[in-house]
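Visitor: Listed below are the residues making up each chain.
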Amino acid sequence: MADLDLDVDHLRESGRRWRLAVTAAAAGCVLYGTVTGAEKMFPAGPMTQYAFYIAPDGQVDSIQVFADTTAGTHVPVHLSPSGVGVKRADVEIQLPAIERNPSLLRTIAVAQRRLHPHQPQYVRLYVVDTVIPLHDRVPGASYTNVLVSWTVS
Amino acid sequence: MALGQAVARWWLRPVPLARFAVFRAIVYVFVPIDLFARLGQVVPHAYGSRELYDPVELLVAVHQPAPTPWVVQTLRVIIIVASLVAATGRLPAPAQRAVGWVVALAFLDWCCLAMSYGKVDHDHLAILVAVFVLPTVPRASLRDRGLSEAAGWALRCVEVAVIATYFLSAYAKVVRFGHPHWLLGATFAWAVVRRGTFIAQPLLDHPLVLLFAQWGLFTLECLTPVVLALGRRGRIVAVALLESFHLITEAAIRINFLPLMVCLLVFLPLEDVVRLGRWRARLPGSASARRWGEIRPAG
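Going down the list, the protein sequences come from chains A and B. Sequential numbering of the first sequence, starting at 1, is according to our numbering. Sequential numbering of the second sequence, starting at 1001, is according to our numbering.
Just so you know, not all the hints are guaranteed correct.
Calculated pairs, EDC-like style, for lysine to aspartate or glutamate (alpha carbon to alpha carbon, straight line, at most 20 angstroms) [claimed, not checked]: (1) LYS40/A - GLU1250/B; (2) LYS1119/B - ASP1205/B; (3) LYS40/A - ASP1054/B; (4) LYS40/A - GLU1051/B; (5) LYS1119/B - GLU1051/B; (6) LYS40/A - GLU92/A; (7) LYS1119/B - ASP61/A; (8) LYS1119/B - GLU92/A; (9) LYS1119/B - GLU1250/B; (10) LYS1119/B - GLU1057/B; (11) LYS40/A - GLU1057/B; (12) LYS1119/B - ASP68/A.
Hint data in this document are derived by calculation from the structure and do not stem from the laboratory. Note that the structure is predicted; figures quoted are calculated from it, not measured.
When you get a sec, could you build the whole thing from the sequences and use the hints?
Guide: This is the structure we're talking about:
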């Protein structure tokens, strides 16, 4: 099926030059971000997906947020776009800041109130770390630590 | 000088305009889907308060504050409408270019907002490159039969961005962040413990399988630049392999790189979809032939 003709729409010299210049600049940004930049250089930052070392006898940390509610229950907070918007990974990345200033958790309570006004609201929030130790890459028995708690105000 | 000219020829090699038109339609149809599939947190983030807003450098540079709900709701409508209009490819060239820039800037802002609350995802480099290069070729139709250097440059940029996502990840693993002992670590076990499905969980009892899978991923990432040098069949096989990898990852640990999976299609001879449509329309007895009362020889 040779129904492509061989007519080529060539670029003018100016068109070639600016495209190659933009290419060089963009490539330079991405390479800089890869070699020395931080993730905040998005979208030119380093590609750090799973680029961290976990020792075979190390541990796995799994962060969750729980809440005491106005209904008197203790529930897990849905850390997702359909829940409170904040993702589990957001909490994990910002955990040092949250530990220094637990009031950063206010956004979770506010989002619950605005997005789910007919559900029980949060009165106290807990950031809980479930620790799973590894023994030669095989998970052992887990345990939990409450890292942060904060009363919604 | 000869090397520079060779590099320039490589970046500007002409491709069928029909291929560009198909890829353009795919990208512009996907962008609205991405607002919900991978970047759905932007609107609910705006309903929270501002405490966790930690903008990426681009947003800091333009002094963008934490958005309010009406700002992101409006932004979402703009992206959806502009993308779907751009997907038609039927606008006059100046309008096609203008609506393409609207999509590019609005979608970049949306992506930056999505990455400004802590977690930064790494599957959007190629799709962002795509939305920025697509407006540089405002005249491209499924009916075009010629080749274009402008389209070639645009698609080459997306190709390189796709490969960079994989290859630079390998660099980050063993050079910048993980160091060579990453290859002997338990990163995959970590991922399965945290997110593993019923498919992957049994592998925790077979740690060497996860270790070999880690080596397999690293090898795959290191080899991806080869795809740029492959011919037609090689590219089809490579795309099938990489798409399969992503499907397995989704099934095993519920992580998907959907924007990257869409951009992988740039390596395929997409113009064949159009050719197939034309060929079938010419078959004796086809609906098109019957409608017009013509019978034409096939091919």
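Visitor: Now, for every hint given, state plainly whether the structure supports it.
Guide: Okay, the hints, checked on the actual structure:
1. Taking the CA atoms of LYS40/A and GLU1250/B, the gap is near 26 angstroms; set against the 20 angstroms cutoff, the hint is violated.
2. Taken as a hint, the LYS1119/B and ASP1205/B pair is broken in the structure, with Cα atoms around 30 angstroms apart against an allowance of 20 angstroms.
3. A threshold of 20 angstroms between alpha carbons decides the hint, and for LYS40/A with ASP1054/B the separation of about 9 angstroms falls inside it, so the pair holds.
4. Using a Cα cut-off of 20 angstroms, the hinted pair LYS40/A and GLU1051/B holds, with the two alpha carbons roughly 17 angstroms apart.
5. A C-alpha spacing of about 15 angstroms is found between LYS1119/B and GLU1051/B, which places the hinted pair at or below 20 angstroms, so the restraint holds.
6. At roughly 16 angstroms between alpha-carbon atoms, LYS40/A and GLU92/A fall within 20 angstroms of each other, so this suggested pair holds.
7. About 16 angstroms separates the Cα atoms of LYS1119/B and ASP61/A, which keeps this hinted pair within 20 angstroms; it holds.
8. At most 20 angstroms may separate the alpha-carbon atoms for a hinted pair to count; LYS1119/B and GLU92/A meet this at roughly 8 angstroms.
9. With a C-alpha separation of about 19 angstroms, the suggested pairing of LYS1119/B with GLU1250/B holds against the 20 angstroms cut-off.
10. Distance restraint check for LYS1119/B and GLU1057/B: the Cα-Cα separation of roughly 14 angstroms lies within the 20 angstroms cut-off, and the hinted pair is therefore satisfied.
11. Note on LYS40/A and GLU1057/B: the hinted pairing holds, with a Cα-Cα distance of about 6 angstroms set against a maximum of 20 angstroms.
12. At roughly 26 angstroms between alpha-carbon atoms, LYS1119/B and ASP68/A are farther apart than 20 angstroms, so this suggested pair is violated.
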